[in-house]
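Enquirer: With the hints as extra help, turn the sequences into a complete structure.
Residues -14 to 82 (the working numbering) make up the sequence shown, in order.
Keep in mind that the hints were calculated from the coordinates and are not lab data.
Quick caveat: nothing in here was measured; it's all calculated off a predicted structure.
Among these hints, one or two may not hold up.
Ranges of calculated distance between the beta carbons of each label pair, as one might list FRET restraints [to be verified]: (1) G1 - F71: 20 to 28 Å; (2) F76 - L45: 23 to 31 Å; (3) A66 - F26: 53 to 61 Å; (4) V0 - Y22: 15 to 23 Å; (5) V31 - D(-13): 50 to 58 Å; (6) E33 - Q(-5): 40 to 48 Å; (7) V72 - S34: 44 to 52 Å.
By construction, the Cβ of each residue, glycine as well, lies at the ideal position given by its N, Cα and C atoms.
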Amino acid sequence: MDPVLLSRIQFALTVGFHFLFPPITIGLAWLLVGIEYYSAFKKSAVCESIARVLAKLLGLTFAIGVASGIVMEFQFGTNWARYSAFVGDIFGAPLAA
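Expert: The following block contains the structure:
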């Protein structure tokens, strides 16, 4: 196995891992909004405790997603240095945003 193939496999695993977290984060955020909305009208202690647990889970999934995204950005620079140098001015700004 040459280093290019290993770099591609490594990046594929990183992207596959990272891709799990944005949909989970978005889904949890909407679920939390719905539970908070329901809890505001019903004054349910059960809903409030569920919302607290989901808020912690949302924070955890968001943090893991951000961390894996940062790892992905570093892999662009380390695995494909020439590509990053060539398209860095165009590709870097949207990636950092």
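Enquirer: Taking the hints in turn, state whether each one holds.
Expert: Cross-check of the supplied hints:
{"no.": "1", "hint": "G1 - F71: 20 to 28 Å", "verdict": "holds, 25 Å"}
{"no.": "2", "hint": "F76 - L45: 23 to 31 Å", "verdict": "holds, 29 Å"}
{"no.": "3", "hint": "A66 - F26: 53 to 61 Å", "verdict": "holds, 55 Å"}
{"no.": "4", "hint": "V0 - Y22: 15 to 23 Å", "verdict": "violated, 34 Å"}
{"no.": "5", "hint": "V31 - D(-13): 50 to 58 Å", "verdict": "holds, 56 Å"}
{"no.": "6", "hint": "E33 - Q(-5): 40 to 48 Å", "verdict": "holds, 43 Å"}
{"no.": "7", "hint": "V72 - S34: 44 to 52 Å", "verdict": "holds, 48 Å"}
The structure does not agree with numbered hint 4 stated previously, though it agrees with all others.
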